[in-house]
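S.K.: Chains as they are written, first to last, in the working numbering: chain A, 1 to 476; chain B, 1001 to 1289.
One thing to keep in mind: the hints can contain errors.
[Stated by the list, open to error] Below, simulated EDC-like cross-link-like pairs (lysine to aspartate or glutamate); rule was C-alpha separation at most 16 Å, straight line:
#1 Lys240/A - Asp1252/B
#2 Lys1015/B - Glu1026/B
#3 Lys39/A - Glu336/A
#4 Lys1106/B - Glu1026/B
#5 Lys205/A - Glu336/A
#6 Lys1244/B - Asp250/A
#7 Lys240/A - Glu1026/B
Don't read these hints as lab results, they were simulated from the structure.
The lines below spell out each chain.
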Amino acid sequence: MTFDYAPAPESRAVVDIAPSYGLFVDGEFAPASDGKVFKTVSPSTEEVLSEVAQASADDVDRAVKAARKAFEKWSALPGAERAKYLFRIARIIQERSRELAVLESLDNGKPIRESRDADLPLVAAHFFYYAGWADKLDHAGYGANPRPLGVAGQVIPWNFPLLMLAWKIAPALATGNTVVLKPAETTPLSALFFADICRQAGLPKGVVNILTGDGSTGAALVAHPDVNKVAFTGSTEVGKAIARTVAGTDKKVTLELGGKAANIVFDDAPLDQAVEGIVNGIFFNQGHVCCAGSRLLVQESVADEVLDALKRRMRTLRVGDPLDKNTDIGAINSAEQLARITALADAGEAEGAERWSPSCELPTTGYWFAPTLFTGVTQAHRIAREEIFGPVLSVLTFRTPAEAVEKANNTPYGLSAGIWTEKGSRMLWMANQLRAGVIWSNTFNKFDPASPFGGYQESGYGREGGRHGLEAYLNV
Amino acid sequence: MSELTGRLSVFKTYKLYVGGKFPRSESGRVYEVTDSKGTWLANAPLASRKDARDAVVAARKAFGGWSGATAYNRGQILYRVAEMLEGRRDQFTAEVAAAEGLSKAKAAAQVDAAIDRWVWYAGWSDKVAQIAGGANPVAGPYFNHSAPEPTGVVAVLAPQESSFLGLVSVIAPAIVTGNTVVLAAAENAPLPALSLAEVLATSDLPGGVVNILSGRTAELSAPLAAHQGVNALDLAGADEALAKDLETAAADNLKRVLRPAPANWTADPGTGRLLAFLETKTVWHPMGV
């Protein structure tokens, strides 16, 4: 006898979304200078949630001017005072975390279980962590009295809208910089709610400015001559364009870009745990994770066993309403992203890999993609080389540790990797050989504000998090 | 015209240094190197794009072994280079004096500073991981540790105005941490760099760890900046316009770029150049019994 899950929806009533939002510049919300707006929809229902302003180049200029003006006083403030503002923000985020989690799930499509238990606690933790650095910068290892850079132009992606905002804004403010941040076009709302948190915290006007808009807004911000620091998280393609834009300027830049992480399972691994790690590695946040373990490298001798267990586990994943507390996999963030995932998965089949998904009923409205597994994948297949950014896992096999290293490193990316083995010496050898910035051993997709994050090669440069994350915002 | 009664000096044929060998340029080209007053000193190889690509291949091949060597070993080898430099102090003094138009005493001071700088960087090999890495106190039952690792192959444009102290100041920090280097020597003063190659070749430094090219900086740096096998660029020897072009080309595979900046090579170099060509690797592992 089996029991069905009863619906367990989180209430939408905790969040009050206005029908329209302006740009947050110099402490005030105001419409775009040319009055342009765009709609943001809930990817799980295609319902229009709100209308937000499309910032023009003039608005970018206005925001940068506001940030420049605010920089003088903000950077001159004693670190201990800046710290207190950040502690306030962290506390208000904790107080409002339920509201923010629901908002994030609505606008992004991610399951409430993740926005509530992963995103929001980490967002608050980042502000707490960097708050404590604000008055200790002399001890950060970058010499005595390191100076802030000035105005930081920050562009963030749609996969973790509020968490990426925290990764960018917390270290920038702690080090005395002021900020103009552009959230992603499809997920602008939590950044606008954050503007309200800045207001509640009494943050001086102009220290944080939020510009909603599309890629053109981001490009104008990156290119603005009075921006001193550019921070970007997003695709490698856009990262390269930004690197070209800042060439020959004295802008400091950090880029957190794509990945195609290998998740390597040895025959001595604790297989049940490994299967959980594989599932978490690729299906967390619908696979919308730059460090997702999208290439499973499994030792040939246990490949069948691992695949059977993995398929068994995948059959239990619940796809559906992001606001249902039992949901494991929510909606794909946009129609555009769904089309990209679909195209790449189709390419996998066309190139000869074998596709498998558990039978699961997908909602009829909204953007959905069933958790998908490809076997018989070779290194030449597009699904083994290109970042899919969706719940699609490519499975390859290997025989020796050296072969695993060679296959894992056979990519221009170098963001993350996973290793599953009970043998400590092998784990350490593998970690040493892999060309990636974050190695998760017998775990996957763990994040912490004290732990530096960032990639090698075409996964970008610079680190976020930890003491290392301060360097990006200091004149060192 | 030399006096027929005196001893005729033996000219030196300067060569490139690629993969631990001393080839002429594959192009067969040379260019005239003069002292600061325009007097002919030697014909240096005018390296080509092909030489640059060969040097990248050699540097890539050497990377695994060099980055995999222990820090203690790398430090010993760098110190050995300093020992060999000390033994050739007079030769370098003469070359620097000619290249930069310095008095013998001033040139000697540059060479001494360069040797001392080399020793300073040698000592960093087994310390940089301790200052740039460490334990991360994450909120959970995990062992979490960060350590720096070399970026890979670094293309270095040697400073144009400081033929030896500047040169040493850009090579040593790049290699001490395990990177390998393709160097474009100062265009008008390449001879100290080409002589340094002879020192490196006899100092236990594995072939390919440092590769030295002489020639036109702009001609050599363009293929290096565009090369997919190069991981980072040190633009110390580029002027503003060239630096912008190279940084733009470097974006194609997201090379790490160290921009040119006004430099006082005699000042304490700090750790900037050392840290510029490092990646941070963070490893997580669960803790429990």
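S.K.: Check each numbered hint against the structure and report the violated ones by number, ascending.
M.R.: 4, 5 and 7
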